[in-house]
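Q: Take these sequences, add in the hints, and give me the full structure.
Listed in order, the protein sequences are those of chains U and P. Per numbering that gives the first Met the number 0, the first sequence starts with residue 0, numbered consecutively. Per numbering that gives the first Met the number 0, the second sequence starts with residue 0, numbered consecutively.
Since the hints were made in silico from the structure, they are not lab data. There could be a bad hint or two in this list.
[To be verified] Computed spacing ranges between beta-carbons, pair by pair:
1) D39(P) to E149(U): 41 to 49 Å
2) R183(P) to A44(U): 13 to 21 Å
3) R49(P) to D47(U): 40 to 48 Å
4) R130(P) to Q31(U): 43 to 51 Å
5) H16(P) to D47(U): 30 to 38 Å
6) A146(P) to E211(U): 44 to 52 Å
Computed from a predicted model, the values in this text were never measured in an experiment. Every residue, glycine too, gets a C-beta built ideally from N, C-alpha and C.
2 protein chains.
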Amino acid sequence: MYTLTTFRSVPSFAVGHVRDLRVRWALEEAGQPYDLRLVDFADAATPDYRREQPFGQVPVLQDGDLTLFESGAILLHLGERYPTLLPRDPAARAHVTMWTFAALNSVEPYLANLANLVAFSLDEPWAAAQRPVLEEIALKRLGQVDAWLEGRDFLAGDFSVADILMTTVVRLLDGMGYVERFDRLTAWRNRCTARPAYRKALADQVTHFTQEAAAA
Amino acid sequence: MYTLTTFRSVPSFAVGHVRDLRVRWALEEAGQPYDLRLVDFADAATPDYRREQPFGQVPVLQDGDLTLFESGAILLHLGERYPTLLPRDPAARAHVTMWTFAALNSVEPYLANLANLVAFSLDEPWAAAQRPVLEEIALKRLGQVDAWLEGRDFLAGDFSVADILMTTVVRLLDGMGYVERFDRLTAWRNRCTARPAYRKALADQVTHFTQEAAAA
Chain U
0 MYTLTTFRSV PSFAVGHVRD LRVRWALEEA GQPYDLRLVD FADAATPDYR REQPFGQVPV
60 LQDGDLTLFE SGAILLHLGE RYPTLLPRDP AARAHVTMWT FAALNSVEPY LANLANLVAF
120 SLDEPWAAAQ RPVLEEIALK RLGQVDAWLE GRDFLAGDFS VADILMTTVV RLLDGMGYVE
180 RFDRLTAWRN RCTARPAYRK ALADQVTHFT QEAAAA
Chain P
0 MYTLTTFRSV PSFAVGHVRD LRVRWALEEA GQPYDLRLVD FADAATPDYR REQPFGQVPV
60 LQDGDLTLFE SGAILLHLGE RYPTLLPRDP AARAHVTMWT FAALNSVEPY LANLANLVAF
120 SLDEPWAAAQ RPVLEEIALK RLGQVDAWLE GRDFLAGDFS VADILMTTVV RLLDGMGYVE
180 RFDRLTAWRN RCTARPAYRK ALADQVTHFT QEAAAA
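A: Put into structure tokens, the structure is as follows:
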């Protein structure tokens, strides 16, 4: 049985976007049950937690004696167990690994910079000058992924952990109208978020944080 | 024989920092020779190259029939061949994978944002307001890695691809005085950059770009 660590509660804007979603989704795809371990923000700042997760973040996954952080590493670890997440063929596996890193290093940082500006800083005096700069690079990256998806249903062969990660990355821009400028990207995103495992994982995260908020 | 794709030439500020350095270093650690394939910026924008590297970037590594982009994926791929880069034990390997993603997703984006501001945008009207914001998060991440290095020579057991990646990430702030505020981080960085494989890889990159600039 896996144990997934996430926050006990988060601000309402984060509900549905906490990165435990990536691990929940992968575990649902693999049909694996899991327990939750909950940490408060105060717990996450303690030396004990920092020895486990040096950045004070979530998720952490415990798999027997092994404790892992970084959602990318957790998903590749689960992928080694469940071929539905990561193919066995070495070349196919290398392609999925490639798109796993692409999601987290070539796309996420640029989308996160733009999403953070739009969500939190539009009233700052520097926002007007920064926004077009951040939009340009984020839209460029979205367009590059859109072009890659020409003739493809998923990023690297069949559905894989790379699609899970890239979907959650693209969702950083939900409700901002950027993704919808790209037809193939939008169709792929909709294909991924229509999966029952995604819907179950998202519903479970939302339920968890909503219940914690109601109990607080 | 491996074939490593990099740019034919780059602006002088990028010499010594192009990401092919990560792959060169790993190949030197593994004692593996490689050929270079050179692309111009114009080549990198062509549909043919984008089918290979959808973001128009370098490095790309060709290993027989397999063509890989994303330095993190390339280094994990090489690690599967050479235990000096990635341990065989599954738990030890998972820890290295974790720190590989930590370098590229939990640290690099924040250091890159600060490095880009300091290198390119200090004269912008928004720079004065942005700099302390970007410094705070970058210094926080550096401090978290510094704390992790307490009692450790390397990020995850012996020297590995995680140290290669994190070293090149930390080098984004070279010459800016931030890293040197952290004793363990500085000692670890110096331990990594003292390795003969690093020195050879860096010298080879600098020689390549310097010769191309002289020939242009």
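Q: If a hint holds in the structure, say so; if it does not, say that too.
A: Here is how each hint holds up against the structure:
Checking the proposed 41 to 49 Å range against D39(P) and E149(U) shows it is violated: the Cβ atoms sit about 24 Å from each other. Checked against the given bound of 13 to 21 Å, the beta carbons of R183(P) and A44(U), roughly 20 Å apart, stay inside it. Between R49(P) and D47(U) the beta carbons are some 47 Å apart, a value that agrees with the proposed interval 40 to 48 Å. For R130(P) and Q31(U), the hinted distance range of 43 to 51 Å is satisfied, since their beta carbons lie about 45 Å from each other.
Restraint check, H16(P) to D47(U): a C-beta distance of roughly 37 Å satisfies the suggested window 30 to 38 Å. Between A146(P) and E211(U) the Cβ separation comes to about 29 Å, which falls outside the hinted range of 44 to 52 Å.
The structure shown violates the earlier hints numbered 1 and 6.
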